[in-house]
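From first to last, the protein sequence lines are chains S and V.
Residue 368 in numbering that gives the first Met the number 0 sits at position 369 of the first sequence; the count goes up by one each step and never skips.
Residue 1081 in numbering that gives the first Met the number 0 sits at position 1082 of the second sequence; the count goes up by one each step and never skips.
Simulated from the structure, these hints should not be mistaken for laboratory data.
You may find that some hints are simply not true.
Result set (DMTMM-like, lysine to aspartate or glutamate): computed pairs, CA atoms no more than 25 Å apart in a straight line [unchecked claim]: (1) S:K285 x V:D602; (2) V:K1071 x V:E372; (3) V:K469 x V:D516; (4) V:K2 x S:E334; (5) V:K469 x V:D510; (6) S:K285 x V:E579; (7) S:K255 x S:D233; (8) S:K283 x V:E579; (9) V:K502 x S:E98.
Covered stretches of chain V (chain S as the covering partner; in silico rule of three or more C-beta atoms under 8 Å from a C-beta of chain S) [said to hold, decoys possible]: (10) 388 to 394; (11) 589 to 597.
If we take Cβ atoms under 10 Å as the criterion, some of the chain V residues that face chain S in the derived model are [what the hints assert, rightly or not]: (12) A263; (13) A335; (14) Y357; (15) F504.
In this text, a Cβ means the ideal position worked out from N, Cα and C, and glycines have one as well.
Residue strings, one per chain:
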Amino acid sequence: MSQCTLAFEDGSVFTGHALGATGTATGESVFHTGMTGYQEVLTDPSYTGQIVTMTYPLIGNYGINPVDIESARVYLSGFVAKELPTQYSNHLATQSLSEYLAEQGIIGIRGVDTRAITRILRDHGAMRSIISTECTDAEELISRTREIPAMTGQNLVTAVANHAANFRMDHVSPATQVSNSGTDLQGGPDRKRVLVLDCGVKYNILRELNTRGCDVETITGLTSSNAVLERNPDAILVGNGPGDPEAVQECIETLKALIGKVPIFGICLGHQLLASALGADTYKLKFGHHGANHPVRNLATGRVEITSQNHGFAVDANSLTQAGARPTHINLNDESLEGFAHNDLPLFAVQYHPEAAPGPRDAAYLFDAFLQMIHTQSIPENLLVAT
Amino acid sequence: MPKNPDINRVLIIGSGPIVIGQACEFDYSGTQACKALREEGISVVLLNSNPATIMTDPEVADRTYIEPVTPETVDLILQNESDRGTPVDCILPTLGGQTGLNCAMTVSERGILEKHNAYLIGADRETIHRAEDRTGFKESCAEAGVDLPRSVVAHTIEDAESAYTEIGLPCCIRPAYTLGGSGGGFATTREQFDYLVRSGFDASRNHEILIEESLYGWKEFEMELMRDRNDNVVVVCSIENLDPMGVHTGDSITVAPSQTLTDAEYQNMRDASIAIMRAVGVETGGANVQFAISPTDGRLVAIEMNPRVSRSSALASKATGFPIAKIAAKLAIGYALDEIRNDITRETPACFEPTIDYCVVKMPRWTFEKFPESDETLTTQMKSIGEAMAIGRTFKEAFQKCIRSMEIKRNGLGLDTQDAWLDFKRAERAQTLRGENGSLKGRRSGEPVHDWAERAARQWPIADEIVREKLLEPCQGRPYYIRYALKMGYSIDTIYELTKIDKWFLSQINDLCELEDELLNTDPEGPQAESLYCRALQAGYSYAQLSRAWNVDTARLRTFAQKHPGHCYKSVDTCAAEFEAYTPYYYSTHETPFRRNGELIVDDELTLPDKECVIILGGGPNRIGQAIEFDYCCVHAVQATRASGCVAIMVNSNPETVSTDYDTSDILFFEPLVIEDVLNITTAIGDKLKGVIVQFGGQTPLNLAKGLAAAGVPILGTTVDDIHLAEDRSQFQQIMNELGLVQPPSDVAYAVDEAVEIAQRIGFPVMVRPSFVLGGRAMEICNSEDDLRRYMDTALSASDVEDTRVAILIDRFLQDAIEVDVDAVSDFGLYGDEGTCTICGVMEHIEEAGVHSGDSACAIPPYSISRMIIDEIERQTRALARRLNVTGLMNIQFAIKSRRVYVLEVNPRASRTVPFVSKATGIPWAKVATEVMLGRPLCTVLTKYDYDPDKTLDHVSVKEVVFPFNKFPGVDVVMGPEMRSTGEVMGIDKKFAMAFAKAQMAAGQTLPTDGCIYISVNDADKPFILPIARELAEMGFSFVATAGTRDRLSAAGIECELVKRISQNPNNNMLKWIEQNRVQLLINTATVTGRYTDEGKIRAASVRYGIPLITTLTEAHAAVEAIHAMQAGEVTVKALQDYDNMSTSDSNR
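Bound-form chain S, shown alone (with noise of 0.2 Å):
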């Protein structure tokens, strides 16, 4: 059991023991509250940078399993957590989670006043912080953090772009079950081809398209416009990814050009990109949204949907009228923006995870949405929000 420190920019220091591999890491630490789907978690490339507290304490318990993968390897930059049990128990785990982080190289940390970290973190928004294997000292630990770059600003899309090229649809199994709203167009003469522009897109966003009977292809998210057109999709769609929208401009850029021609859906960094390309703005959010019990407001059906949600970026809301486009959802708990469609296009975007997993699958309606959109090239009436 070898010691292990996590230390915040405002001077707290947690000591705790070791997790996974050793050594040091630097992030952002966020707080995900969902009590399930660490292993969707660990593998979602939005994490990318992001040193990931969770507030659940017992983390670990159902292990590791091949399927609920939501890509091919762990993204976030470290993980903390306060209890991992001696031995995990499920059906479809084939190995523990430290083993698991120790395999892909991860530092974490265990055995630390998580929801302490979890109301520092509330209460001070988001913050750099380092986990460390090897030094213990504690000034030298706080000063290494103030050197880590913040988050605002930083392009990590670079990063993880078209990691989703290697995607397999038999990395479905039988437990990983999509939401079972689906139309199921496989095989019909209505089979519609959907790019996918992959800015660190979960694997769940190419499941639920890929049930729904579409030609599912990946492209990642820094090509241009005519890259895409050249495939002439049917649709695009633009998925999750890491850090700071305005940072991704050449990204912004195509979608720029391609806002018009195609359908588009926007999801998570996706609804970010769309609303910076349609001339809207983002703004970072105190300690942001990570968890699986968001409310929100479909404000053209008036129905409330749990959802996933990770994100640390929003859209300000005010300047969407600017962008020719409206609300379709709004955040309960603290009347965020969570989705928009355009007035006159063919487009629409959520800035949480109808695709879920982790987390539930209220909004799964979205993918559904979003065939309906390709079909007849309007908004769906269940997004149509009256002026």
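Given the structure of chain S, go ahead and fit chain V onto it with the hints provided.
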């Protein structure tokens, strides 16, 4: 779209008396609902027969009917309300448990709703049917696309053969139409399958068997959901059962949230539960769905659904902070989830799913020791009486805290006085220490070390066959045997094969075992001790356990704790700290401190207002003898404390209660009621603590009083020394002599021979019981020396307090005496001779002395004793209150024999009759007592509550009890000095007779007004039964009896049919009469008892078939009067608010 403007008056149906499977959680949900509706300006009409509920406090609802929960009563209430010009618009049926729901269903089916132009809200008849009916539920699941266990109905061997192919092994074979599942079973091999199919066909009346996929060993889960009228659905909580399928959820150790499911599996279950809720059509409100998941392939099947607020909703509410009942009430009147605010975060809406950052463990509390004839194996039939819940940051911590909360003489999973393994280890150590210094802490006093050590060595290891049996058969001691098995070297895999308890849970228990080994191998003075100590506390070990393992004082461990901070309070906030919480709902934990600017910080979230604080200690898990009545008192204490301007702090571990509603107190600690946990709280409160109230939670807090006082914690109310005076036999006897009061002759014995000597001196029959127990546990009447010797041999271990020498009290038993209970309140302790004492109520028992007071029916005012005797009783009560310096409540039991008054027992604390007396007299006595304890003179307080000592009551109130015998089939139903009832009801009317009749109805024993009565009484009672029988005959009843009684009745000119003894005629005996519904009432006083006697079988059968049974002559007398009244006039209902002096203006509202 906010609330429906057409709803102005709502009737809420409560759940009636506490029974197994339906406890105070429905008082909690009903009270919440009343508050929630009245907040919206809706008038609430309430029906509940249980006087010990907060919901029946006159200020909780606008119109309170303490009447039997029956469709007839609902009809009368609806009529009454409409006659008053305030008609009820609708009934909310989903908050009163199964009783409330069933009552509403019948009301709806009988057209009573249409008659009064009312309707159901929350759930309608079709919905309830789709959820509760087997076929309805099957169809709903199919519609929702959710699997059920596969099953095939077979009528022929060929059908069975194809079922074998379809379902495969293992499977369950159940013959249709047999009682109690006889002839069915579980097949794991082809041979067993063939055998069970054949025997099943034989056993089934219509040659039909059900072959069902076996879910043996599957994991069991529960989902708590809420839905609003806009079809928004949220999952409030998921619960995983530690015990796999086969054990009723109410009897399982359960854990929240689910622990062993991947996110995808969890989401599948979430999707399925929502789909079922929609398919069943629960329009608004709460519901739960149970699931089973195969541990080998993850297959998910639905088991059942409750379309209402349930026991697990209460647990889910306490576990997450999400007030399900309150929200359900708001949804029922038209609100949507996103229109309701989350009280805890204030800023966020109730339309979200709570996320928690701790682990919650709930454990059932059984009372098998009260029913020695019952089968203790845990099955799909719920048997537990209560439960405790604990919260910790880890499963291990919550698990051990929960065991500690159960008050079963355990400090945690092990390392306590019940631990055979530790005894063995200590003996080993003692052997090596022998010669140097033989003294060891913690062993029973007086026993030489070597005897003790040898005994310990004999007990370990446990015999293999015992361990295997305990693991294989679900039973209440199973967790401890899992630990023993691990200590004995069983592998987790082996234990899994035997128990099917998920390996994750087993490995958690194994972690504890390994930590214990480490503890025992570590020198408490050595360098390793420090980190080990912190780890142990984080794993939920108590000082008591560590002190026993390490042989060091708990005081030393406390000093150690000060040097190594880590203990802290965290809040339950529904959101894992994502938002700031405003509701002060706390649990304790041990955390690793962190550093900032060189300072060591433990993140403790406890914040105290700048005011004096008063702690009210609750009663812990419900058990027989200590249940909702005490929680009622605690809630009143909290209310009075808050009203007085102090901060009311509640400490309790029972999730079913109103006292643990975060809305009830200013600050809630969900903690074990164990001395060290309570001392941690008093330490945390520090100088702001005005004192601790120990008087209201029953014996539990009283047992803590001494330890608290010793630690310098101020106790409010009667002092610990005075409490001790009343409890200590010899000192109390002195006081009695001093005051010139009489007790039945008595003495105390510590050994068998001594007991016999005493009994011979004072004369048989004697009443025997251990001191310091509640509810008459292990109390018995012994008629002979043999009886007494047998009793003494077994009873020497029933004391609740650890490590005290067990004293057995022996009293002369007064046969045929009238027993009287008196509750009184006094402030003598504060004002000495200037103080006063007021009698709250004098209750005359209907059963004679000898039946435990908690099992007796009783009446206020007394119905047969003279004014002179009552005056004498009141005089004696005052004298005792003065002498014992009582501050607050006291309860005295008197017996009257030959016009002489005997004092049986004095308890200087609130008794379980306080709620009944309060309801009967219209004065909230627990509040009065609380104000007195806080320092106000009694007379001032009484003036405030408009108490008029000269006012006579214009009504009679009768309390009747209910027994759990229907859950212990076959067990003989006789009353005695051991309390066995679980709940109570109240009947109110102008005269005793009708009040008694109503009490019987409310207890589910509606007396017949015509038909046939079976009479069988013992010889002593025979002369007295004749006048009773004659009166009943005049009232038109016919009789049936066996030869002896028949002859006697015939001789007196009363016609009576003859029935043979069971053994004499298997086809025409009383059991058949009962089965065929040919008898409407049984009057049977016991000659012999036991499940294998004819009498015992008949009594058990009356319970099974729901035929009223009267077992004492006094009760038979009362019944005659009641039947008279029922024949003479219609039953009417009246709200508490319409009685003259029942609805006191309460300053707290």
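Hints, one by one, checked against the model:
1. With a C-alpha separation of about 21 Å, the suggested pairing of S:K285 with V:D602 holds against the 25 Å cut-off.
2. Of the pairs offered as hints, the one joining V:K1071 and V:E372 holds, with about 23 Å between alpha carbons and a cut-off of 25 Å not exceeded.
3. Taking the CA atoms of V:K469 and V:D516, the gap is about 23 Å. The hint holds against a cut of 25 Å.
4. Proposed proximity of V:K2 and S:E334 is supported: the alpha carbons are some 23 Å apart, at most 25 Å.
5. Annotation: proposed proximity of V:K469 to V:D510 holds, straight-line Cα distance about 21 Å (limit 25 Å).
6. Annotation: proposed proximity of S:K285 to V:E579 holds, straight-line Cα distance about 14 Å (limit 25 Å).
7. Of the pairs offered as hints, the one joining S:K255 and S:D233 holds, with about 17 Å between alpha carbons and a cut-off of 25 Å not exceeded.
8. The straight-line distance between the Cα atoms of S:K283 and V:E579 is roughly 20 Å, inside the 25 Å bound, and the hint therefore holds.
9. Note on V:K502 and S:E98: the hinted pairing holds, with a Cα-Cα distance of about 19 Å set against a maximum of 25 Å.
10. Requiring three or more residues with a Cβ within less than 8 Å of a Cβ of chain S, the coverage given for the segment 388 to 394 of chain V holds, as 3 such residues are present.
11. With a cut-off of 8 Å between beta carbons, the segment 589 to 597 of chain V has 7 residues touching chain S; three or more are needed, and the interface restraint holds.
12. Checking V:A263 against chain S: minimum C-beta separation of about 5 Å stays under 10 Å; hint holds.
13. Taken as an interface hint, V:A335 checks out: its beta carbon lies about 8 Å from the nearest beta carbon of chain S, inside 10 Å.
14. The closest approach between the C-beta of V:Y357 and any C-beta of chain S is roughly 7 Å, which is under the 10 Å cut-off, so the hint is satisfied.
15. Interface restraint check: V:F504 against chain S, minimum CB-CB distance 8 Å, threshold 10 Å, status holds.
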